[in-house]
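From first to last, the protein sequence lines are chains A and B. Position one of the first sequence corresponds to residue 1 (our numbering), numbered consecutively onward. Position one of the second sequence corresponds to residue 1 (our numbering), numbered consecutively onward.
Calculated from the structure, these hints are not laboratory results. Mixed in with the good hints there might be a few duds.
Facing chain B, according to a computed beta carbon distance under 7 Å, are these residues of chain A, among others [to be verified]:
(1) 168
(2) 187
(3) 198
(4) 202
(5) 205
(6) 207
Derived coverage of chain A by chain B (criterion: at least 3 residues anywhere in the stretch with Cβ under 8 Å from a Cβ of chain B; other residues may be distant) [said to hold, decoys possible]:
(7) 122–128
(8) 150–160
Predicted, not measured: the structure shown is a model, and the values here were computed from it. Ideal Cβ positions, reconstructed from N, Cα and C, are used throughout, including at glycine.
Spelled out, the chains give:
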Amino acid sequence: MTAAMSTDSGSGSGNGEGAIADVLNGVALTSGLSRQQRGQRSEDPGEHDSREAVSSPPAEPTVVVWPGEEDHDRSWTGEEQSVSAEPIPVEPVAPPPAAAEETGFVRPYAITGGRTKANYPLELETLISTRDAAVLPVPDQVEHQVIMEECRTPRSVAEIAAVLQVPLGVARVLISDAADTGLVTVHRTVAGSENAEAHFMLMERVLSGLRRL
Amino acid sequence: MDSVGFKAPRQATPQTMTSAKIVVAGGFGAGKTTFVGSVSEIVPLTTEAMMTDASTGIDDTAATPNKSTTTVAMDFGRVSLDEDLILYLFGTPGQERFWFMWDDLVRGAIGAVVLADTRRLADSFAPIDFFEDRGLPYVVGVNTFDGVLQHDLNDVREALSIDESIPLVRCDARQRESTKQTLITMVEYAMQQWLAVRGSAAPKPVG
Chain A
1 MTAAMSTDSG SGSGNGEGAI ADVLNGVALT SGLSRQQRGQ RSEDPGEHDS
51 REAVSSPPAE PTVVVWPGEE DHDRSWTGEE QSVSAEPIPV EPVAPPPAAA
101 EETGFVRPYA ITGGRTKANY PLELETLIST RDAAVLPVPD QVEHQVIMEE
151 CRTPRSVAEI AAVLQVPLGV ARVLISDAAD TGLVTVHRTV AGSENAEAHF
201 MLMERVLSGL RRL
Chain B
1 MDSVGFKAPR QATPQTMTSA KIVVAGGFGA GKTTFVGSVS EIVPLTTEAM
51 MTDASTGIDD TAATPNKSTT TVAMDFGRVS LDEDLILYLF GTPGQERFWF
101 MWDDLVRGAI GAVVLADTRR LADSFAPIDF FEDRGLPYVV GVNTFDGVLQ
151 HDLNDVREAL SIDESIPLVR CDARQRESTK QTLITMVEYA MQQWLAVRGS
201 AAPKPVG
């Protein structure tokens, strides 16, 4: 629930988190390309920016480890202290916008930077609404923009997952991030076991609501 | 992205929103999606719980054989009952290997409707067992395809071997009114159960 638990859970490297997430995103965004194309991308000097320091050895096409090929070489990737459960392929950070047009999907662990935990109790039916501020900084993650757009009228966690077309676990992390950043409000969910009387009141309201339908 | 200096006012509208959840279970083809769709104000949506086809050959599935490469279709619909109250209806994923999702589904739910197809009654056993195990109140709706009830309801009850106290109703999942009645029966039963379990110390219904 607190900031201490927030974005860098599981990583231990607070400042590195964003950069590593960027690496992950960069990797995923180019994942639709053929290997040959990606090899060429790696050779492009323009794409070697300062963040590369995070992902250890300077990536030459010959040492790049691609997802799916890492099995024979886990010891190598293991040296990197990855934040993600998945091995992080080493690749220079690519400018996302151009690559995004060439691929259809981003892998879930890349969207969340490898994290799986949300900081809020987000049930399937928990409602999320966009905070009512006229001018917000545009979130740099596309998913957050979609969440903000979608939640102008309150939407449930399940709806957000459906709209984003991501697994629930991923949606939970994204929503949690958006709430941490103050983009959205997480409404309280009446959970039956925790507060039995509130649950009973809720049932009453649902019953009369159904009768009015 | 830096949001320093941004002071978010608490949202004026809508104030505090509340949501509730009812689970709709039943075998494949029992009419769950139809049931949900008949009262939902949105076309039933689908969530994914698993990784997608796109990860085939990328993610290592050898060590996790239960990890499927298909997507899960968990249909759900939405019914706005009041300005600040939204009811969600969640259809259970049909395949048994997705039962891990059922915990998410039943947590905090008001109760469940088990849709029974009398042609495949055995499909209803698993959900009924699950809800009884979890103590989630449920009613059984015998879906009358084409409006025809093929069997006597008492026979169905016997075949399902469910307690007499559990409501068993006929319903036509295509009909909004029928679905609505089934849901009302479900919530009423859940409230009875609540009172039965917690005794007379329960708060008297307000208003």
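Now for the hints, and whether the structure bears them out:
no. : hint    : in the structure
1   : 168     : holds (6 Å)
2   : 187     : holds (5 Å)
3   : 198     : violated (9 Å)
4   : 202     : holds (5 Å)
5   : 205     : holds (6 Å)
6   : 207     : holds (5 Å)
7   : 122–128 : holds (count 5)
8   : 150–160 : holds (count 5)
Comparing the model with each numbered hint stated earlier shows that hint 3 is the single one that does not hold.
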